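Trainee: Just so you know, the protein sequences line up as chains A and B, in that order.
For the first sequence, our numbering begins at 1 and goes up steadily by one.
For the second sequence, our numbering begins at 166 and goes up steadily by one.
Hints in this document: simulated from the structure, not taken from any laboratory.
A few of these clues could be false.
To be verified - Here are some, though not all, of the chain B residues that point toward chain A, as calculated from beta-carbon distances under 8 Å:
{"id": "1", "residue": "R187"}
{"id": "2", "residue": "E190"}
{"id": "3", "residue": "R212"}
{"id": "4", "residue": "R234"}
{"id": "5", "residue": "S235"}
{"id": "6", "residue": "R241"}
{"id": "7", "residue": "Q242"}
As the list claims (entries may be wrong) - What follows is a list of derived Cβ distance ranges for each label pair:
{"id": "8", "chain 1": "A", "residue 1": "P6", "chain 2": "B", "residue 2": "P314", "range": "29 to 35 Å"}
{"id": "9", "chain 1": "B", "residue 1": "E298", "chain 2": "A", "residue 2": "A135", "range": "30 to 36 Å"}
{"id": "10", "chain 1": "A", "residue 1": "L65", "chain 2": "B", "residue 2": "E294", "range": "38 to 44 Å"}
In this text, all values refer to a predicted model and were calculated from it rather than measured experimentally.
Virtual Cβ for every residue (Gly too), placed ideally from N, Cα, C.
One letter stands for each residue in the lines below.
Number of protein chains: 2
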Amino acid sequence: MSYSLPEFLAHAIALEREAAERYLELADMMESYRNDEVSQLFRDMVRYSNMHHDSIVERAKGIALPALRSWQYRWRQPPEVGGEEAFDPGLNAYDALRYARENEIRARDYYVQAGKESSDAEVQRLAAEFAAEEAEHVQALEEWLARTPRPSATWEHDPDRSGAA
Amino acid sequence: MSYSLPEFLAHAIALEREAAERYLELADMMESYRNDEVSQLFRDMVRYSNMHHDSIVERAKGIALPALRSWQYRWRQPPEVGGEEAFDPGLNAYDALRYARENEIRARDYYVQAGKESSDAEVQRLAAEFAAEEAEHVQALEEWLARTPRPSATWEHDPDRSGAA
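Here chain A stands alone, though its shape is the one from the complex (with noise of 0.2 Å):
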């Protein structure tokens, strides 16, 4: 099966707005922190999602677009809000950056995969453009937890962690 240009495009126009409403979300929330560096990198995520956003529409101008299902597109939720998720609702500049680079390396392996998927010679072309722009933002993602304090209370319960000595 070929996996075609009109199923790529309303894909990326997709992810590319949901990550545009998560990062002004994290962005929001991470000012009410009063953390403005890291809402700073979040309002650029913004910036860039919509303009990306914005350019595949230009391109799929004219192309009838299937519709498509939330879970196809939307973000997983952050782990750590686990059932508690109605009352405690924050997130902590680090567990959002791991939020958002999960996000983000879904993003990156969807258009890997769909370059594979596909014998659409455009499809694999704005697959490998767009899967490099996410792997970009993955790396700054994690550049940015690099230098960003891993608060405490959540250590133990860090997959990264589990086993280090």
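Given the coordinates of chain A, assemble chain B onto it according to the supplied hints.
Mentor: Just chain B now, with coordinates in the frame of chain A:
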């Protein structure tokens, strides 16, 4: 800490709107599979959710509501779609019903917990009423699940069945 009426109403409105959107998606998907029975069930759920939503909006008239974060009210994604959601986006009727049930359970538990966490009598009253409604939805979905064929392909991965003889 006491959970306030505006917080409670904001959640209830968001939960009902989210449920209506997700049930519409599931109804359309079941219709595309020519499963008219389950599609009709989901359309009924859309209607109930919309009616409930509208009545809570009416109740909240004149009350300033807080902004919520997406993970406080959005449905969790169906576990079955795994990492392949982009390319194999459908859910069979059984998995769609399980997905709906999990999210109704989550809504019910939210209302139960909200009632416990609040010292506001009106929150307690509404929370008990809404929890009972969600419990009815859970029950209805349980009954549909009991008479819906379980797809054999997912049998082995079904946690309800693991360890069964």
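Trainee: Tell me if S235 (chain B) is really an interface residue toward chain A, meaning its C-beta lies closer than 8 Å to one of theirs.
Mentor: Nearest chain A Cβ about 6 Å off; hint holds.
Trainee: Can you verify the interface hint for R241 (chain B): is its Cβ closer than 8 Å to any Cβ in chain A?
Mentor: 7 Å, holds
Trainee: Does the nearest C-beta of chain A fall within a distance shorter than 8 Å of the C-beta of Q242 (chain B)?
Mentor: 4 Å, holds
Trainee: Does the CB of R187 (chain B) sit less than 8 Å away from some CB of chain A?
Mentor: 7 Å, holds
Trainee: Let's test the interface hint: is any C-beta of chain A closer than 8 Å to that of R234 (chain B)?
Mentor: Where the cut-off is 8 Å and the nearest Cβ of chain A is about 5 Å from R234 (chain B), the hint holds.
Trainee: So, as I understand it, the hint says E190 (chain B) touches chain A; can you test that by seeing if any CB pair is closer than 8 Å?
Mentor: 6 Å, holds
Trainee: I want to verify a distance hint. Is the separation of the beta carbons of P6 (chain A) and P314 (chain B) within 29 to 35 Å?
Mentor: The hint (29 to 35 Å, Cβ to Cβ) holds, given that P6 (chain A) and P314 (chain B) are roughly 33 Å apart.
Trainee: With chain A as the partner, please determine if R212 (chain B) meets the hint condition of a C-beta pair closer than 8 Å.
Mentor: 19 Å, violated
Trainee: Between the beta carbons of E298 (chain B) and A135 (chain A), is the distance compatible with 30 to 36 Å?
Mentor: 46 Å, violated
Trainee: Honestly, do L65 (chain A) and E294 (chain B) meet the 38 to 44 Å range at C-beta?
Mentor: Taking Cβ atoms as reference, L65 (chain A) and E294 (chain B) lie about 41 Å apart, which means the hint holds.
The structure shown violates the earlier hints numbered 3 and 9.
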